Amino acid sequence: MNTFGTRLKFTSFGESHGVAVGCIIDGMPAGVKFDEEFLQNELDKRKGGSKFATPRKESDKAQVLSGVFEGYTTGHPIAIVVFNENAHSKDYDNLKDLFRPAHADFTYFYKYG
Numbered sequence: 102m103n104t105f106g107t108r109l110k111f112t113s114f115g116e117s118h119g120v121a122v123g124c125i126i127d128g129m130p131a132g133v134k135f136d137e138e139f140l141q142n143e144l145d146k147r148k149g150g151s152k153f154a155t156p157r158k159e160s161d162k163a164q165v166l167s168g169v170f171e172g173y174t175t176g177h178p179i180a181i182v183v184f185n186e187n188a189h190s191k192d193y194d195n196l197k198d199l200f201r202p203a204h205a206d207f208t209y210f211y212k213y214g
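Heads up, the sequence shown is in this note's numbering, so the first residue is 102 and it goes up one at a time.
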């Protein structure tokens with residue numbers, strides 16, 4: 102399941118090798134300060150930098166599509182998307198049957214088969 106929460110629901114969508122990844126945050130009341138710069142700084146912290154990380158270089162620029170206006174939540178669902186700029190799923194064909202370190206491959210397999 103890619104949705105969790107009750108009063109504040111978070112739903113993720115997309116695939117790392119697809120067109121985009123993103124989320125919907127539903128239940129946030131109107132008038133809450135929403136700092137897009139803070140969000141981007143947090144995303145920037147997760148970029149790979151070691152020799153074991155992906156060689157793909159992407160900006161990982163978060164785009165807030167709805168639910169925020171002039172830095173404050175509107176009360177509508179907040180939609181955020183990050184478009185993949187350098188996703189080539191064919192590059193991973195040789196790994197499709199392997200559990201990769203630092204990925205959710207095993208967890209997904211264990212849960213869904």
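No lab work stands behind these hints: they were computed from the structure.
Owing to the predicted nature of the structure, the values given are computational and were not obtained by experimental measurement.
Fair warning: there could be bad hints in the mix.
What the hints assert, rightly or not - Cβ-Cβ distance ranges computed for the label pairs, FRET-style:
#	residue 1	residue 2	range
1	Tyr211	Gly176	21 to 29 Å
2	Lys110	Thr208	30 to 38 Å
3	Ala131	Asn195	46 to 54 Å
Stated by the list, open to error - Capping the alpha-carbon separation at 27 Å, the derived lysine-lysine pairs in DSS-like fashion look like this:
#	residue 1	residue 2
4	Lys162	Lys212
5	Lys148	Lys110
6	Lys162	Lys148
7	Lys110	Lys212
8	Lys162	Lys134
9	Lys110	Lys134
10	Lys146	Lys110
11	Lys146	Lys134
12	Lys148	Lys134
Yeah, the Cβ is synthetic: ideal placement off N, Cα and C, and Gly gets one too.
Violations among the numbered hints, reported as their numbers in ascending order: 1, 2 and 4
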